[in-house]
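> Position chain B relative to chain A; hints supplied.
As you go down the protein sequences, you meet chains A and B in turn.
Quick note: the first sequence, position 134, residue 134 per this note's numbering, numbers continuous.
Quick note: the second sequence, position 87, residue 87 per this note's numbering, numbers continuous.
Please keep in mind that the hints were generated in silico from the structure rather than gathered at the bench.
Treat the hints with care, since some could be wrong.
What the hints assert, rightly or not - Derived BS3-like pairs (lysine-lysine); straight-line CA-CA distance at most 27 Å:
hint, chain 1, residue 1, chain 2, residue 2
1, B, Lys119, A, Lys50
2, A, Lys50, A, Lys119
3, B, Lys141, A, Lys50
4, A, Lys50, A, Lys141
5, B, Lys141, B, Lys50
6, B, Lys50, B, Lys119
7, B, Lys50, A, Lys119
To be verified - A few chain B residues that face chain A, going by a derived Cβ cut-off under 7 Å, partial list only:
hint, residue
8, Ser69
9, Ile75
10, Ala76
11, Leu87
12, Arg138
Even for Gly, the Cβ is constructed at its ideal location relative to N, Cα and C.
Number of protein chains: 2
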Amino acid sequence: MVARIAIASDHAAIDLKAALAGWLRDEGYEVIDLGPVDPASVDYPDYGYKLARAVSEGRADRGVALCGSGIGISIAVNRNPAVRCALVAEPLSARLAREHNDANIIAMGARLVGEEMAKACVDAFLTTDFLGGRHQRRVDKLSHPALEEQPA
Amino acid sequence: MVARIAIASDHAAIDLKAALAGWLRDEGYEVIDLGPVDPASVDYPDYGYKLARAVSEGRADRGVALCGSGIGISIAVNRNPAVRCALVAEPLSARLAREHNDANIIAMGARLVGEEMAKACVDAFLTTDFLGGRHQRRVDKLSHPALEEQPA
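Next comes chain A alone, as it looks inside the complex (with noise of 0.2 Å):
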């Protein structure tokens, strides 16, 4: 049962953090934020880092992370190998990343994606389960933990 969403981000995208926050409260989830709390400049690593360790640690169920474009920090969780991030900017996407891939975080572009649009994306992310068959095979397939064990 997903409970607990870890969410995080850089400046850039502090205040659609703090407006997702609040709705996945009212919607009955409990959030983790892990910042930042202020607009001064961070750099995006940092956060997605720390919310790919939140996931991968098992201190939350799923994570949100959020950057300008969403790319940067889409990047950075992904180099942990046991999360999986779709970076999405629409439903489909968010839905498809937990059907065929077992998503475990979303990420989006603040300066991007709008309010609206990134809360379907996120329930989209929260409601969907895993179709598991053929695509579970390639799932375990992106959890190799280091390049060596990665096919030539």
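Just chain B now, kept in the frame of chain A:
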């Protein structure tokens, strides 16, 4: 100078891969097609890892990664800390991926993005320069080779 473009996909994206490869050759680029070549079902992580390696080892200057949604292969590619892959569906994100993130691989979903939109994304990706400056420090932080070296 960007001259050699590696391209890889899964079975869901072989038609878009062929279209982009032909167009890129017409535009004067050397295209390294890493497969697959027929529509038999394959696992996107295999092709994502292969593409990331081609770019990280310098056999290609840039990469194009395709699957049904673009999500799965973008996750696979970003497991390699020497590359930075942006999943995009429109050219603004492709431009920002270059300007802010020095992305060297672009991912797209063949079931979500039409051929002309995909070409516009690739064009922005290939013709936009990295801005450097404050963005360089953040890009450097994406290159941490091991989870142990990531900030907590």
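> If a hint holds in the structure, say so; if it doesn't, say that too.
Consistency of the hints with the structure:
A distance of roughly 35 Å separates the Cα atoms of Lys119(B) and Lys50(A); the hinted pair therefore is violated under the 27 Å criterion. About 22 Å separates the Cα atoms of Lys50(A) and Lys119(A), which keeps this hinted pair within 27 Å; it holds. With a C-alpha separation of about 13 Å, the suggested pairing of Lys141(B) with Lys50(A) holds against the 27 Å cut-off. Taking the CA atoms of Lys50(A) and Lys141(A), the gap is about 23 Å. The hint holds against a cut of 27 Å.
With a C-alpha separation of about 23 Å, the suggested pair Lys141(B) and Lys50(B) falls inside the 27 Å cut-off, and the hint holds. Only pairs whose Cα atoms come within 27 Å are accepted, and Lys50(B) paired with Lys119(B) is accepted, the gap being roughly 22 Å. Under the criterion of a C-alpha separation no larger than 27 Å, the hint pairing Lys50(B) with Lys119(A) is inconsistent with the structure, at around 35 Å. Contact between Ser69(B) and chain A, as hinted, is supported at the beta carbon level, the nearest pair being about 4 Å apart and thus within 7 Å.
Hint status for Ile75(B): holds, given a least beta-carbon distance of 5 Å to chain A, under 7 Å. Because the beta carbon of Ala76(B) sits about 6 Å from the nearest beta carbon in chain A, less than 7 Å, this interface hint is met. Interface hint status for Leu87(B): upheld, as the beta-carbon distance to the closest one in chain A is roughly 5 Å, under 7 Å. Because the closest C-beta pair between Arg138(B) and chain A is about 5 Å apart, less than 7 Å, the hint holds.
In the structure shown, a violation is registered for the earlier hints numbered 1 and 7, in ascending order.
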